[in-house]
Amino acid sequence: MMIYPRPLLVKSGVAPVAVNLFSNCKTNQPGFRARNQVEKINIGFLMLAAGLAVLTTVGIVVSMLFETMNFFSMHSGRDFFFGLSWAPNFHGNSALSILPLLWGTLYISFVALLVAVPLGLFSAIYLSEYASSLTRSMAKPLLEVLAGIPTIVYGLFALVTFGPFLKDMFGPEGFFALGWMNDARSVATAGIVMGIMLIPFVSSLSDDIINAVPQSLRDGSFGLGATRSETIKHVVLPAALPGIVGAILLAASRAIGETMIVVLGAGAIARFTGNPLEALTTVTTRIVSQLTGDGDFNSPETLVAFALGLTLFVLTLGLNIFALYYVRKYREQYE
Amino acid sequence: MTDLKTDKSLYATTAHSKRRSAAEKRFHRLGLAAILIGLCMLGILMTTIVTKGSGAFQQSFATLDIDLLEAKLDKTGNRDPEDLKKVTTFGYAPLIKAAVEQVVETHRIETGLKSKDMAAIISKSAAAQMRYRVLDDPSLIGTTAEFKFLTNSWIDGYLKGRVTRETIGNNKNVSVEQLDFVDRLVGLGIVEKSFNMQFIFGADASDQRPEDAGIGVAMVGSLAMMCVVLLLALPIGVAASVYLEEFAPKNRLTDIIAVNIANLAAVPSIVFGILGLAIFINTLHFPQSAPLVGGLVLTLMTLPTIIISTRAALEAVPPSIRSAALALGASKMQTTFHHVLPLAAPGILTGTILGLAQALGETAPLLLIGMIGYVATNMPETVTQGLLSPNSAMPAQIYEWAKRADPAFYERAWGGIIILLIFLITMNIIAVTLRRRFERRW
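Chains A and B, in that order, give the protein sequences. Take the first sequence: its position 93, counted from the start at 1, is 93 in the working numbering, and no numbers get skipped. Take the second sequence: its position 42, counted from the start at 1, is 42 in the working numbering, and no numbers get skipped.
Please note: incorrect hints may appear among the correct ones.
Unchecked claim - Derived lysine to aspartate or glutamate pairs resembling EDC-like cross-links, with alpha carbons at most 20 Å apart:
#1 K329(A) - D183(A)
#2 K332(B) - E245(B)
#3 K85(B) - E101(B)
#4 K85(B) - D136(B)
#5 K97(B) - D183(B)
#6 K72(B) - E110(B)
#7 K25(B) - E129(A)
#8 K25(B) - D294(A)
#9 K140(A) - D208(A)
#10 K329(A) - E246(B)
#11 K40(A) - E101(B)
#12 K97(B) - E177(B)
#13 K403(B) - D183(A)
#14 K40(A) - D136(B)
#15 K18(B) - E230(A)
#16 K332(B) - E39(A)
#17 K403(B) - D294(A)
#18 K148(B) - D137(B)
#19 K85(B) - D137(B)
#20 K233(A) - E24(B)
As the list claims (entries may be wrong) - Derived contacts from chain B toward chain A, CB cut-off under 10 Å, selection only:
#21 L32
#22 A33
#23 G38
#24 V50
#25 P81
#26 G112
#27 L113
#28 R133
#29 G237
#30 M333
#31 L421
What the hints assert, rightly or not - With beta-carbon atoms standing in for the labels, derived distance ranges:
#32 N170(B) - L142(A): 55 to 63 Å
#33 G77(A) - I422(B): 46 to 54 Å
#34 Q29(A) - E439(B): 46 to 54 Å
#35 T433(B) - F322(A): 36 to 44 Å
#36 G43(B) - S133(A): 52 to 60 Å
#37 L142(A) - S17(B): 30 to 38 Å
None of these hints come from the bench; they were simulated from the model. Positions of the beta carbon are idealized from the N, C-alpha and C atoms, including for glycine.
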């Protein structure tokens, strides 16, 4: 990284000629500080690298905004935002509304959070308030392994193992012979498997936040005669609540943007249904199917993926910013 | 407070204190149950992967002696390579049939099968396998050579217990007579299971031949992408963090960049795929399905992770180191690059390895830049080819197999997951070891 031009030039045979040629040049003056000049260039490179991160964000927004505008020049915005059906048709005249997809996304995310939040939160409480340090040092990394497993693994698990298992329970020829489930792919299949994946997202963050609650609050509560669980319920959790909400929002943003589990486990039917054992489709699965199909690129059926992508980006970004704001606000209280 | 006005000792249990200690116990148990359910799920997931995937590492082979008849393979008899190439795999297929008939005759196997159905237990890849070997070594023509063929995926499934006489029912691909025939061949030691190298190092095969599919080419694709990610994300990430941590003035702009990076880390990976499609493929016209494009997309995705961990590592280096260097006359940049960065290196490396592990397992962005729907059959021969010619990647290959909806391909997909997880576990162990070994407490 450090380059010192003067001594290098003198050492090489060509140097004297070069030096004579530029004898009037600024670099040959005694007052010239080569180090400062070189470092100015270096710092330029460093700034460029830091700017790339911003450039990525700009690139994401611009590339999607451009194609989204293309899409809206071909397809009515009213149908996209307020229409009620999703029926892409490669001969044109498709109904492309985001609402049924958004319903699927939110429903599956809700099921996932319904699994992840209680399990994650109780795990965090147990790890930080009850567990011995040995249990904690074993269980915490093991739980975090769940977050390190690639999502394709969860997707395959949902498709091949968990979905058929649910069908064996609730399907027409299933264990309970209820006939509630016709396809192994469903809201519950994708949602529950996604919930398992999200457990460590909730538990790790909540654990950190619960640990950050000052011990003096607990001691005060014990001193007044509260039991451990009463202290947790009435003192620790309320103090940690903003941070926990932040953790849950981050998990929700993960759930909304998750792709592989829903592509393999949720199905492809866009509709409004409240039955968790039926198949639904999500924003991310439709992005994948519209962009990996054989359709003409400049058709609304393909370009709709960019509008969906932009919506997804705005939605998750909003959630993240909101979550970070919440966590920050909490931190200020005890420092 | 009326509860407290009692003549009894505080240690005596009352209805109220009983209720409270029951609530305490319940709460404790709920926490324990949550942990156990979480760990149980991890256990179920791992058991599923191992039990379903280990089958892919075993494969049934049939060893046959084939008469490579000159009359069929080289009608002119001059061993001219051009003439030999004219004989397609259809020319080789009858030889397999003849060899199977030979086996039936010599071992006096009684079966109601036609010779066509007997030969059908051998994989469709067998004729091509023979053809390549004969083209490689034309002197084999006219002799009898021993070949080790893959068996058909149904037969393989039968020997692994995935396919049974009950489950095949009216399956057109395999019949009960064929299974009986295979049982005899197993008894004779002609068909047997052995370790499946081809799965680890081989190429993907069309959806007609699950038995022939391997993950080797996709592995090369993944490695090529990881090289791109490492070469780009590490220098750029380190440079960006050095700037933000050591040089940037503490102003609004720096704050915006930092918040931006934190938010980028949480952007859904599929959005990076859309970005890659729009910019690298549609605008810059890079080749589709190329590992280079995959690597670039994954670089953008991994950068925030690397920057965040690098900044943490730089922050952990105590200010006294910086003061000492500055006091000895080093410039700010010399201080950073000669002293701070080397001390932060283990932390940076750990963060980079974890970022790479995350990139290695990522599937969604790869789907959008065309890394699926493509059968990765050819091993790239040069570095440029490895970067620019279409290839798959391990997670994309696993998705591709999962999509083919055939139990034999599911087995491959689980097997692929085992290989992928071995890579990830190794990377994580390296990262943890690095951290343990070089972590310094100042």
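Consistency of the hints with the structure:
Restraint check for K329(A) and D183(A): the C-alpha separation of about 45 Å exceeds 20 Å, so the hint is violated. Distance check on the hinted pair: K332(B) and E245(B) sit about 12 Å apart at the alpha-carbon level, within 20 Å; holds. The straight-line distance between the Cα atoms of K85(B) and E101(B) is roughly 26 Å, outside the 20 Å bound, and the hint therefore fails. Under the criterion of a C-alpha separation no larger than 20 Å, the hint pairing K85(B) with D136(B) is consistent with the structure, at around 11 Å.
A threshold of 20 Å between alpha carbons decides the hint, and for K97(B) with D183(B) the separation of about 18 Å falls inside it, so the pair holds. With a CA separation close to 28 Å, the supplied pair K72(B) and E110(B) exceeds the 20 Å bound. Using a Cα cut-off of 20 Å, the hinted pair K25(B) and E129(A) holds, with the two alpha carbons roughly 13 Å apart. Distance hint between K25(B) and D294(A) is unfulfilled; the C-alpha atoms sit about 59 Å from each other, more than 20 Å.
A threshold of 20 Å between alpha carbons decides the hint, and for K140(A) with D208(A) the separation of about 11 Å falls inside it, so the pair holds. Restraint check: the Cα-Cα separation between K329(A) and E246(B) comes to about 26 Å, which exceeds 20 Å; the hinted pair is violated. For the proposed pair K40(A) and E101(B), the alpha carbon gap of about 81 Å is over 20 Å, so the pair is violated. A distance of roughly 17 Å separates the Cα atoms of K97(B) and E177(B); the hinted pair therefore holds under the 20 Å criterion.
With a C-alpha separation of about 16 Å, the suggested pairing of K403(B) with D183(A) holds against the 20 Å cut-off. Restraint check for K40(A) and D136(B): not satisfied, since their Cα atoms lie roughly 61 Å apart, outside the 20 Å limit. A hinted pair counts as satisfied when its Cα atoms are at most 20 Å apart, and K18(B) with E230(A) qualifies at roughly 14 Å. The suggested pairing of K332(B) with E39(A) holds, with an alpha-carbon distance near 9 Å, which does not exceed 20 Å.
For the given pair, K403(B) sits about 17 Å from D294(A) by alpha-carbon distance, which is consistent with the 20 Å threshold. With a C-alpha separation of about 16 Å, the suggested pair K148(B) and D137(B) falls inside the 20 Å cut-off, and the hint holds. A threshold of 20 Å between alpha carbons decides the hint, and for K85(B) with D137(B) the separation of about 12 Å falls inside it, so the pair holds. With a CA separation close to 11 Å, the supplied pair K233(A) and E24(B) stays within the 20 Å bound.
Annotation: interface hint on L32(B) holds; nearest CB of chain A at approximately 6 Å, less than 10 Å. Proximity of A33(B) to chain A holds as hinted, the smallest CB-CB distance being about 7 Å (cut-off 10 Å). With its C-beta approaching chain A no nearer than about 5 Å, G38(B) sits inside the 10 Å limit, and its interface hint holds. Evaluation of the V50(B) hint against chain A yields a violated restraint, the C-beta minimum of about 12 Å exceeding 10 Å.
Using the Cβ-Cβ criterion of 10 Å, the hint placing P81(B) at the interface with chain A is not satisfied: the shortest such distance is roughly 39 Å. Checking G112(B) against chain A: minimum C-beta separation of about 34 Å lies over 10 Å; hint violated. A cut of 10 Å between beta carbons decides the hint on L113(B): the least distance to chain A is about 33 Å, and the hint is violated. Among the interface hints, the one on R133(B) is violated; its C-beta lies about 35 Å from the nearest C-beta in chain A, farther than the 10 Å criterion.
With 10 Å as the threshold, the beta carbon of G237(B) comes within range of chain A, its nearest partner Cβ sitting at about 8 Å, so the hint holds. Because the beta carbon of M333(B) sits about 5 Å from the nearest beta carbon in chain A, less than 10 Å, this interface hint is met. Contact between L421(B) and chain A, as hinted, is supported at the beta carbon level, the nearest pair being about 8 Å apart and thus within 10 Å. Distance hint check: the CB atoms of N170(B) and L142(A) are about 46 Å apart, inconsistent with the given range 55 to 63 Å.
Between G77(A) and I422(B) the C-beta distance comes to about 49 Å, which sits within the given range of 46 to 54 Å. At roughly 48 Å, the beta-carbon separation of Q29(A) and E439(B) lies within the given 46 to 54 Å, and the hint holds. About 38 Å separates the C-beta atoms of T433(B) and F322(A), a value consistent with the hinted range of 36 to 44 Å. For the pair G43(B) and S133(A), the beta carbons lie near 23 Å from each other, so the given range of 52 to 60 Å is not met.
Between L142(A) and S17(B) the CB atoms are about 36 Å apart, so this pair conforms to the stated range of 30 to 38 Å.
Hints 1, 3, 6, 8, 10, 11, 14, 24, 25, 26, 27, 28, 32, 36 from the earlier list are contradicted by this structure; the remaining hints agree with it.
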